[in-house]
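S.K.: Sequence:
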Amino acid sequence: MKKFVVAILLVAMACTSLFAQGSAETAAIVTNAQKPVVFFNRQPSDPVTGVIDMEVMNWNDKTYYVGFDAAGGGAVQGQLIVDFLATADPAVIDRNGDGVIGYVLCIGDVGHNDSKARTQGIREALGTWTGSTDPGVENTQQGSANVGGTTMPVVELDSRAMTGTDGTTWNANAATDAMSNWATRLGDQIDMVISNNDGMAMGCLQASNYPEGVPIFGYDANADAIEAIGAGRLTGTVSQNVDAQATATLQVIRNLLDGLTGDAVVTAGITEPDQYGNKISASVDYVAETKALLAQNTGVNASNWTEYQAGARDAGIKQTDAPEKNVLLTIYNSGDNFLSSSYIPALNYYAPLLNINLTIVQGDGQNESSCLDRFTNLGNFDAYAINMVKTNSGWDYLDKLQY
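Residues -20 to -1, 1 to 383 in mature numbering (1 follows the signal peptide of the UniProt record, and there is no 0) are what the sequence shown lists, from first letter to last.
Calculated from the structure, these hints are not laboratory results.
In silico DSS-like links for lysine-lysine, alpha-carbon gap of 25 Å or less:
| no. | residue 1 | residue 2 |
| --- | --- | --- |
| 1 | Lys305 | Lys259 |
| 2 | Lys42 | Lys370 |
| 3 | Lys298 | Lys259 |
Ranges between beta-carbon positions, derived for each pair:
| no. | residue 1 | residue 2 | range |
| --- | --- | --- | --- |
| 4 | Gly107 | Asn189 | 22 to 30 Å |
| 5 | Gln14 | Arg213 | 46 to 54 Å |
| 6 | Glu207 | Pro303 | 35 to 43 Å |
| 7 | Ala211 | Val10 | 46 to 54 Å |
Virtual Cβ for every residue (Gly too), placed ideally from N, Cα, C.
Let the hints inform the model, and build the full structure from the sequences given.
M.R.: Put into structure tokens, the structure is as follows:
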């Protein structure tokens, strides 16, 4: 009888141990909804008002945005243009001698906060700002600028949202067509060409009738744009510090997966060394109100373009022995010039150093489903980095993480 009782007790103890172990394992399971989510490049926001969607940003305590200082970048681009005009010869830049500086503007996406900020920065700098970032001369006024020591009127001759025939925004081919039309219709009234990004600026230069010698400004500091500045074809651009953005996207994810909390999530490896000794060299600021990490911008022109030539990477980021983690990352458009030629190469360089195994899926830039349909097998990943087609599509992705 005693042996029987002892046997029963041993079985009960073993079952209790197994149950406790199973409970611990169950408690350790992390659901998709509890994993880190980092939006990047396209900030969750209302496409009309530009208001940040804080419901999306507060999805969980591991949700952040990484981008760049859009408003500051718009101001940098505007200042770059103003500085150029201040040293220009009025007799040369005023092509038809009418005493007015006329420019045309390529707008990337009327529903994108970055595009809005750049359009505003340009118009404010040139005095054509009326409070609207919409395309069309009816949304501008006559401004003025110092041109080689002479104050001259400035007018926006035309502006268009560069949308392709397939519905994609920031479209370089649309910019080529628009520039061809402008050159034919406006002729020597055009004294400057300004673009919300380098892709469209380079598209303008592809127009067969692009007016020779007319200054043109872009934004992004893509490799081909930097070389075009060196060759004297592009007048200036703005670096939004793609390496800092790409690294910050990965670093925030790394910090969250390593269990960091509070301020450490947005400082470790970013503004101070992390546990592996890494730290981003460029300036990145954190805006607590919108849970956003923003890289700073710098102007690029003929005087400093060599500093931005391709090949240089942040020496502050080195190989770590961090545990390997799997991250699913979406790109809104496989044809986006900035993301494909600058951002993805930077991600692919820094991810292995942080022992992050990236799976990148790319959309068509038009239909959210082109990304969402590939935002799958979510349980196989430790975190998610999301670049949406539309800035108000955040919940489409988050809803899939609820299951």
